[in-house]
Structures are given as structure tokens and as C-alpha cells.
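We have chain A already, so just place chains B, C and D on it with the hints.
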Amino acid sequence: MDVAVFWVLAVLAVVSGAMVFRFDSMARATFSLLTSLLCVGGLVVLLGLDYLGIVIVLMMTIEMAIMAVFMVMYMMNPAGLMPMTMMHNKRGAAVVCGLVFLLLAAGILFAPWPARRGKSSADPTMELGMSLMGPQMLTMMTLGMALFATIVATVVLATRRGRYDRLGDDLRARRADDPVRGGVGR
Amino acid sequence: MADSAPLWAVFVLPVLLLVVALVTAGFDAVLTAGARGGRAGSVREAAVRAADPAREVLRQLVQQPRRTRASDVALARIGAALLPVAAMLAAVVLPLGFRSVSDLPEGIVWFNAMEALAWAAVWLAGWGPNSTLSLIGGYRFLAQGLAYELPHMLAITTAALGAESLRVGQVVDAQDGLWFALWMPAAFGIYLLSAMAMAFWGPFDQPAGRDVAGGAAAELSGADRVLFLGGRWLLLVVAAAFSVPLFLGGGYGPWLPGWLWTVLKTGAVLAFLVWVRRRVPTVRMERYVELGWVVLTPLAIVQALVVAVVVLNR
Amino acid sequence: MELRRRLLRTAVSRPGVLLAVSPGTTRERLAVEAELVRRGWPCVSAPAEADLLVVLGGHHAEESDGDAGSDWAANLWHAIPAPKARVPVRDAGQVAEALDRGLAELRRGEPPQEPHQEDDAHSHRGEHGEHGDHQHGDHGQHEQHGDHGDHGDHGHNDNSATHEGHEPGPHEGHNGHVDHDGEDRGHEGHNGGHSGDDANSGHDVHSGDDGHSGHHMHNGDDTHSGHHMPGNGDTHGGHDGHAGHDMHGAHGGHAGHDMGVVAGLPMADRADDRDGLRLDRLHVPLGPALADWPAGLILRVALQGDIVQQVSAEAEGSASPYPPFWDEPWLRALSGERVSHGEAARRLCAAHLDSLGRFFAVTGWTDMAARFRHVRDRALAGADAAELRGLLRPLIRRAERSRTLRWLTAGLGPLTAEHARHLGVTGPALVADGDVHARMRVWLGAAWRGADECDDTEALDTAQVIGPRGRVDGPVPASLALLDALPGLLEGAEFAGARIIVASLDPDLDELAHVPAVGMAHG
Amino acid sequence: MTLELFLLSAAALFCVGLFGALTQQSIVMLMMGLELMLGGVILAAAAAWHYIAPATADGQVLIVLAVTAMALEMAIGFAVVTALFRAREVDMTDMAAELKE
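Residue numbers (the numbering used here), protein chains in the order written: chain A, 1 to 186; chain B, 1 to 314; chain C, 1 to 523; chain D, 1 to 101.
Excised from the complex, chain A in its bound form (with noise of 0.2 angstroms):
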């Protein structure tokens, strides 16, 4: 049974990955790495790690639903309509690619992998809960809060209005001037 689970989602996750740069259509680009990582999800729920498996799960949906509206805002044809290619430098790019997976794969085969040490754990979870929270709880605090920063740095960046522009110069004004107005008023 897990074997048979294995070679599907294995399979599938490799081939809608290979689909993604294949499919003129944006939709069924996003969608098709979608796929891909679902499939992830599922090997690593098949590997005993229940918590993290659905956690990829639930955010590589949200994340591709948001992607595919990048996608079809941002690209050209996004309805795959017209054939199309957008690739340079296709030859060196395989043979890189075909030389890293030879790499990987003797490497893979090879090399002398240690037997299995010690046992999981009744509760994965708890573990991955504490070994994150618990002796280096106040690094991943900084760590989440400067990661989030980040994000609100660069959101901030590409946005053209700022609170000058909502608010007026000494930001004062009682309800922000937006273009659409919006239900709180700030």
C-alpha cells in the first residue's frame, strides 16, 4: 500500500513539476506546481511527519492560489491561448540540469548512508514543537519576527501610495483618501 502511494505521488510530483515549464497557460502552470507540491506533502506525511505534510498542504495552496493572480497580472497571453516560450539559454540550462541530477543520484546511490539511529518519537509534533520552541524559543522569535519584517519591508517598497498620500501630510485626516473606500476608515 505505501509503496504503491510512494511511486504515484513520487511520480506525479516529478512529472506536473516537469509540466510547469511546458504548459503555455499560466493557469495550468500554477496549478500544475500546485500539484507538484501536494504531492510532496503527501510523501512527507507518508514519511510519519502527519503535522508537517498538512502544513505544506495548506500553505502551498493558499500560496499558488495567490501565485496564479501574479501570474496571469503579470504575464502576457496568461490564458495560454498562443503557444508560447519564454526560455533562454535552454541547452546549457539541461546540461547542467543533467549533470547536477547525475551528481545527485551517484551521490545518492553511493555513498555509504548510515543505518537508522534511535526511534521516532510517539508525537512528532511535539518534538519539532519543542526542539522550535523550546531551548532556542528567543532565536526563533527573532528569527520569525525579522522574517516578517522583511516581508512588510518589501510589500511597502512596491506599493506606490503610503500613509502620506492616504492620510495627508500631517496625518490628520479623518478618513484615509483611497480610491475605493474601505469598511473601517483607516
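Source of the hints: derived by calculation from the structure; they are not laboratory data. Glycine residues also receive a C-beta, built at the ideal position from the N, C-alpha and C atoms. Don't take each hint at face value.
Below, a list of computed lysine to any residue pairs in the SDA-like style, where the Cα atoms sit at most 20 angstroms apart [said to hold, decoys possible]:
#, chain 1, residue 1, chain 2, residue 2
1, A, Lys119, D, Met1
2, A, Lys90, A, Thr150
3, A, Lys90, A, Ser131
4, A, Lys119, D, Leu30
5, A, Lys90, D, Leu18
6, A, Lys90, D, Ser26
7, A, Lys90, D, Val64
8, A, Lys90, A, Ala18
9, A, Lys119, A, Leu102
10, A, Lys119, A, Ser131
11, A, Lys90, A, Val15
12, A, Lys90, A, Leu102
13, A, Lys90, D, Gln25
14, A, Lys90, A, Phe23
15, A, Lys90, A, Val100
16, A, Lys119, B, Leu312
17, A, Lys119, D, Leu3
18, A, Lys119, A, Gly129
19, A, Lys119, D, Ala48
20, A, Lys119, D, Ala53
21, A, Lys119, D, Leu62
22, A, Lys119, A, Asp50
23, A, Lys90, D, Leu30
24, A, Lys119, D, Ile52
25, A, Lys90, D, Ala55
26, A, Lys119, D, Asp58
27, A, Lys119, D, Leu18
28, A, Lys119, D, Val61
To give an idea of the interface, some chain B residues facing chain A are shown, with a C-beta separation under 10 angstroms as derived from the structure [unchecked claim]:
#, residue
29, Leu16
30, Leu75
31, Arg77
32, Glu106
33, Trp110
34, Met114
35, Gly128
36, Leu146
37, Glu149
38, Asp176
39, Leu178
40, Val294
Leaving out everything else, chains B, C and D in the frame of chain A:
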């Protein structure tokens, strides 16, 4: 502690969900017909009206599928079919009484992940037909998702925090005495809002609104349409039913058996949602998103904080 | 087989009804809506969910059946998946029998391949199961043109399949179309706009790709000629607005861009959006077949995402000899007839209730919409003032007190009295002096007063003839001023907001369509 | 199912992603390639955790990091694309490179 149900439960679950969805839709249809043409004169008339959704399903089923020019039929079909599948998968962790088909150790995350599949489903169904109005519907759902998901996640996390477990069975057990709805009312309220939002139903039906001729569903017909709109009802039922183990004490209650309590509570929540739909116009996301992020998200965080402090001092 | 047949009969016994309303048919529309409520049949908003197409405005269908006047109705008919039936309603008195006829036709349960109806040269029956699942995904429309030219026979078959279903009817006409291929391609090449117009025909049910292109070319011809006449081309395009079939913008060509045409649809062009990004923009016509939309109104909009960038309002061109239903009492009074004050008040009340029903349907408050329409039907059916007051009081109170509604509609489409006067608006929109919510409140108040006075038997004072949309005796119809107000209010609004703004002004295009023919002024 | 099989599929995913990231001109498509590569990393980490060291949570932490990196990459990537697009109406890597000159 929730037990695992036998294998046949896998087959009972969809049937049960469909029945509940049909009953809810029938109730809704009676109220709708009442608003349209005055109250039903007799019980018989009401019964006829209640059967409307079933007849509607039959009517749609005999319709031929159609396709629009330059459409991406495969994507639209996947979208339409994904919605009921996502609802069913989410329902796997729902306990009836104290038994669920599979009481996963990460049940709450599972539910959330499956519900997120609806994002992809609605967008696909809206994108596929290559039509302006359905595309608008699809995009509206993404906007809605961004607006409701953040407070929603925090709300269900709060419930998990209160029980110190992601397992739905343990969340139910933690409410043996006091229901979570009573001491985390903000989270419960937010959850009810997002239950309607994730099923894009009632006040949150903008993605399939009448102003865009059915939005994401505008171009679906025949079996596709049944799947999509049926999936929407299923999603609503599942979302409402999930509020019972999360906030309303699951199967706990005096005198009656657990499963009956679950059904009763689910029915009450659904009736409330159907009532709300009648009382409130469609919420447009350009207004709601600000409310969701500026008011509801901080509210949910404060609620989680309060619960965390209580749990730590227990 | 017997079971299948019975199943089909049961399934269609409560058909979804789609209304195709032309200006000047308000009376018929109201009759149909009331009858649908009585039967409990759903009134659907998109062709995809419809079984029965009710075409209103039969009184000029005979003349215009051949040209583009009923083209959007024909296109609607296309877009409905089988099994389906179509009935014209020419007179408010025969609604019930027309619906019965439609039901009988559906019940007969003819397999969709067979014709449903008496011969109708312009019913492009596109449904045929065998084509339904074809999904060639050809993107090269031009190759298909070539195909048609080369394999004349083949093309002919496909064309006829698309156009006429399997009707034994006129095939000759279609040979013609095949022959026209070359020409049509020419149109398309030169002129994206026209192909854009055609694109709505792309909305065939089930057509295989070849069938599509054939059909599309066929219409291309029509449109091309139709376009020079005001109104015709528009109607034609109106259909996509309704079901919105081409997201690539049916009217891309009008913008004068030289865009690629893909699968018969022009690609979107790009324009700056309000965030300073240059993104795709679609040119789509909205109306005339949208649900809860003023009959006959066509808005040509440039949509960016769901934001309305540019609008121009047009009225569908067909003229009606009948006076506008909602203005009727005042017009009659003006022409010297004795009209009681109560009758006018009742009509005013019903008109506002109709507008309110539309408004609430568009804001997504379907329950309120249904209730207001119920009261409207009662008012038109002659209920007395006491009953109407009883029905209206809780509704008005609920609408006025709803904080959610206020929260959602406040600030939408503000129209100051000054600006409204400048535009020549004379009706409730002038009185409201504010946003959508203010206009709704004015309607509520006026409907209440109308309900109050509807048993009044005094003669109507002809000194002051303010109808539901404004002055009835003005130099131009009151609704024209409302139409003029639309573009300014809509630009920059989101789609949902735009729908609400249109519904809150609710121009009555009957007033524009009315051409008082000699001797027919009293309808 | 062995460690090698999992690692091989992870390597395949990684290389497909690498190919995409190297060849695609569009920044958005390039990000998809990166996502695929990270998907491969996740899979490899999970396999390593399961087959080599299930007792410690290091593999899991690596997955969490990879997932976070994916989210971060999306956010920053789209922000950059939006800014570029606004500034120059450019969404291709080649053209963005030309902007330097």
C-alpha cells in the same frame, strides 16, 4: 476521548453530509419561497417547497454540459469537482458524538488545509470558462480568502490552544465542563463569520453573487454545476458542523446520547446561519478586508493571548 | 428508456426561467415575474442554469427578428444548455399560457438534437451532444478559417450543425456563409472591434471548434453591417456582457489597438491602473441581458480586474410604440384624461418597490428583494392601502435600520444635488442629494407615501407631474439624465459597486424607447 | 521504499526546478522553479529525518525553514516584480538585467 470509527463509516459520512445539506437547503428554500410569495398556506405546500433543492439538483443533472469559447474545460472541471471533495475530506475529522472517521492527531490543521483547497477550486472554476463574470467571481473568492483566513486561523488555533491539542477528539474532551464558546466568544464569533465565508454563502456569497450572474458558477451547467454548488452546501455544512467540536462541546450534553447532541447543535448552528443570511446583505470584500485585518485579527490575537494565559495558569 | 423519459419530465417540471427583457416591456416583465412566483419557478440569472427562455417584447419581434434587434436574445438562446425551450411573450395577458407552452415543450422531452420549435431562421441552435465534449483546444483561429475555405464540404457541415441544430431547414443560407469565409477573415484582420463583436457568438453551447469558427464568421457579417446602425451592434455585443463570454474583451478593437486575435477573441490591451501598474484591460459590454439590470441598458466598460475604468452608457435601440409603463398615469393625465391621484400614487409606489427589489437583489440581500417584489406585485394587483402599509412597514423599518447595509453602501456613488441638477436629474436622485444609501432611503419614503395615498380618488394634479424617475413632462425623458450621470459615478468603482450604483439610479429605458406613434399615444 | 528512492525523487524535483530557474525569462516563472527546488529540499529533509535520524527533530526544523523560505521568497519575489513592473513595465529577467546599464 474519541474512538476511531469502523471502516463503513467512510461510506456513511458522505451520505450523512448530503442528507444534512439537503435538509438545510430545503429549510432555506422554504424561507426563500415564503419571502417571495408569502408564507406557505399548508404543510403540504411547505413540503413541496422544501423539496425544491432536490428538484433543482435533478433539473441541473439532466442539463447538458456546455462550454464557452477558448475555455479551459479541464481546469473548470477540476475546480468544480474539487469543491465537494475538499468538503468531504475536511469532514473526515468531524466527530459524530465522540466518533470520527479518522481522528487525526493534527485534525484541526487538516481541516484548515482541506478548507483551503476551496481557494484553488473556486478560482479554477472561475478561470476555466474564459468568461469575464465568472473570472470576477473567482478573483473575488481569493480576495475573500485573504480577508477571512487570518482571523479564521487564529480563531481555530485558539480552540486548539484551549485544549492544548490539535486533535479534535481532545478539543471535545476539554469542553466536558465549560464550552469554549462561552469563554472564548470572540473566537467563536469569528469562526462563525469565516464558516460562511469559506463556503462563500449567505452574506459572503459575493464570489457566486447574483450581481455577476452566479460568479464562479456563472458558466457551469449540468453535472459540473451540481458538483460545484452542491460542494458549496457541503462546505457550509462541514464548516458549521466543525464549530460544534471546536466551540460547542461536541457530543457533551445531558440526557441525550452524544451523536444526537452533535446533530442538534449542528442543526442549531445551521439554522442560525440560514437566519443570518436573511438578515444581512452581501458583504463586499473591499469593506470587509479592512475590518478583518484591522479589527478581527487583533481581536483574535487578544483572544488567543487571554486563552494562553488562562491555560498556563491552570 | 421509459424511466429516462420520466426522469427528464420530472426534472424539467420546475424549469429555471431566464428573461430576455427589451425596453418597453415592463408590463410583461412584471406579469411574468408574478406568474413565476405563483408557480414557484426559479428566475435564474445566467443562461447556464436556465431551461426556459422567455423573450419579452414580442410586439416588435416580427420585424426585427431578422436583424440584430433580437440578436442578443438569440445569443442567449444559444448559451442555454439543452434541454431547453423558448417562448415569446407578447402580451401581459397571455403569460400563463406562454409558460405552459414552454413547459409542455420541455416536457415533450425531445432529445436535444431535435428542433424544439417551429422554424426560425435565426435560431442558431447550437446544441448537439456529440460536439459537446470536443475539446481540441485549437488556438489558431486562422487555421480554421483556412480549413473552412479548403474543405468546403466539411466546413458546411460544421456550420450547419452549429447554426441550425439538425433542423431540416434552410441549409442554403449556410452555404453562403461558407463562401463568405474569405471576406470574413478580412473583417477580422482589419478590424479587431468587429471580431470582438462576433466573439459573443463564440458562446455556443457545445460547439466543437470548427462549428465555432463557422458560427463566428457568420455573425461577423451581421455585425459588420449592423454596426453602423446605432443600437444594433450594441445589442449584439450585449450578450457577452451578460454571460461575459470573452474575458479578452469583446471590444478590444474599438480601442484602436492592433492586438492579436486568438481563437476569435481579441486579446486584452494594457492600460495604467489606479496603482500605476500597466495591466490588462478588458472591454466588455454589460447588459442588456443581465439579471436585475435596467432593461435595454448597455454599458460599455473597460474593466481592469473588476475595476471599472471607462464607461459609456447606451440604450438598446429598439423603439417601442407603447408608453413607459411606470409613467403611464402621468402621461394619461397630461393628455387630458382623468386619472385619480390614487392610481398615480399606486404606480409610483410599485415603481419604487420594483427599483428597491432590484437594488436589494444587487446588494445581495435576496430575502429583502423577494419581499419588496412581493409587495410590488400586491400593489399592482390592487391591494388596498391598509394591506400595503402592513406589508411595507416591517420591511422599511428593517432596511432603514440595517447597520450592515449602511456600512456597505455608504459612500458609494455620491451624487450631490447641485451636480444632479446640473445634469438635469429631476427625480428621487435629486432629492436624495447623496450616496446610494440616501437614494434608497428616498425610495423607501416615497414608496411608503405612495402606499399611503393609493386609495385616493381625487383627480391627479397635472401641474406637478413627477413620475418615479423624475419629471414626466420635461423636454427630455428623466431617465436620460440618469444615464448621463452614470459614467461619472461608475468610473473607478469596483464591479459590485458599479452594479449597486446602477441599481440605485435605475434608469427606466422605456422612457427612451418610447416613440409616440400617431394615434398610439395611449397604448 | 528506501532512502535512496526518496532522495532520487527529491533530486529529480530539484533538477526540474533548477532547469526552470535557469531557463525561464519571466521572474514569476523563475520563482516557480525555485519553489520546485525547495520542494525537493523538503522531501530530502523529510526522508533523511525518517531514515537516518528520527530521534532528533533536526530534519523537521529544516523542513520548517524550507517552507518559511518558500513563503518569504514568494512575498519578496512578488514585491520585487510589482516594483519593477511599476517602474519599467518589465517582468523578464533579461530586461531587468539591461536596466543596470
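Against the structure, the hints:
no.: 1; hint: A:Lys119 x D:Met1; result: holds (18 angstroms)
no.: 2; hint: A:Lys90 x A:Thr150; result: violated (33 angstroms)
no.: 3; hint: A:Lys90 x A:Ser131; result: violated (43 angstroms)
no.: 4; hint: A:Lys119 x D:Leu30; result: violated (39 angstroms)
no.: 5; hint: A:Lys90 x D:Leu18; result: holds (12 angstroms)
no.: 6; hint: A:Lys90 x D:Ser26; result: holds (14 angstroms)
no.: 7; hint: A:Lys90 x D:Val64; result: violated (33 angstroms)
no.: 8; hint: A:Lys90 x A:Ala18; result: holds (14 angstroms)
no.: 9; hint: A:Lys119 x A:Leu102; result: violated (32 angstroms)
no.: 10; hint: A:Lys119 x A:Ser131; result: holds (16 angstroms)
no.: 11; hint: A:Lys90 x A:Val15; result: holds (19 angstroms)
no.: 12; hint: A:Lys90 x A:Leu102; result: holds (18 angstroms)
no.: 13; hint: A:Lys90 x D:Gln25; result: holds (11 angstroms)
no.: 14; hint: A:Lys90 x A:Phe23; result: holds (16 angstroms)
no.: 15; hint: A:Lys90 x A:Val100; result: holds (15 angstroms)
no.: 16; hint: A:Lys119 x B:Leu312; result: violated (30 angstroms)
no.: 17; hint: A:Lys119 x D:Leu3; result: holds (16 angstroms)
no.: 18; hint: A:Lys119 x A:Gly129; result: holds (18 angstroms)
no.: 19; hint: A:Lys119 x D:Ala48; result: holds (13 angstroms)
no.: 20; hint: A:Lys119 x D:Ala53; result: holds (8 angstroms)
no.: 21; hint: A:Lys119 x D:Leu62; result: holds (19 angstroms)
no.: 22; hint: A:Lys119 x A:Asp50; result: holds (16 angstroms)
no.: 23; hint: A:Lys90 x D:Leu30; result: holds (14 angstroms)
no.: 24; hint: A:Lys119 x D:Ile52; result: holds (10 angstroms)
no.: 25; hint: A:Lys90 x D:Ala55; result: violated (43 angstroms)
no.: 26; hint: A:Lys119 x D:Asp58; result: holds (14 angstroms)
no.: 27; hint: A:Lys119 x D:Leu18; result: violated (34 angstroms)
no.: 28; hint: A:Lys119 x D:Val61; result: holds (17 angstroms)
no.: 29; hint: Leu16; result: violated (24 angstroms)
no.: 30; hint: Leu75; result: holds (6 angstroms)
no.: 31; hint: Arg77; result: violated (12 angstroms)
no.: 32; hint: Glu106; result: holds (5 angstroms)
no.: 33; hint: Trp110; result: holds (5 angstroms)
no.: 34; hint: Met114; result: holds (8 angstroms)
no.: 35; hint: Gly128; result: holds (8 angstroms)
no.: 36; hint: Leu146; result: holds (8 angstroms)
no.: 37; hint: Glu149; result: holds (7 angstroms)
no.: 38; hint: Asp176; result: violated (22 angstroms)
no.: 39; hint: Leu178; result: violated (25 angstroms)
no.: 40; hint: Val294; result: holds (5 angstroms)
In the structure shown, a violation is registered for the earlier hints numbered 2, 3, 4, 7, 9, 16, 25, 27, 29, 31, 38 and 39, in ascending order.
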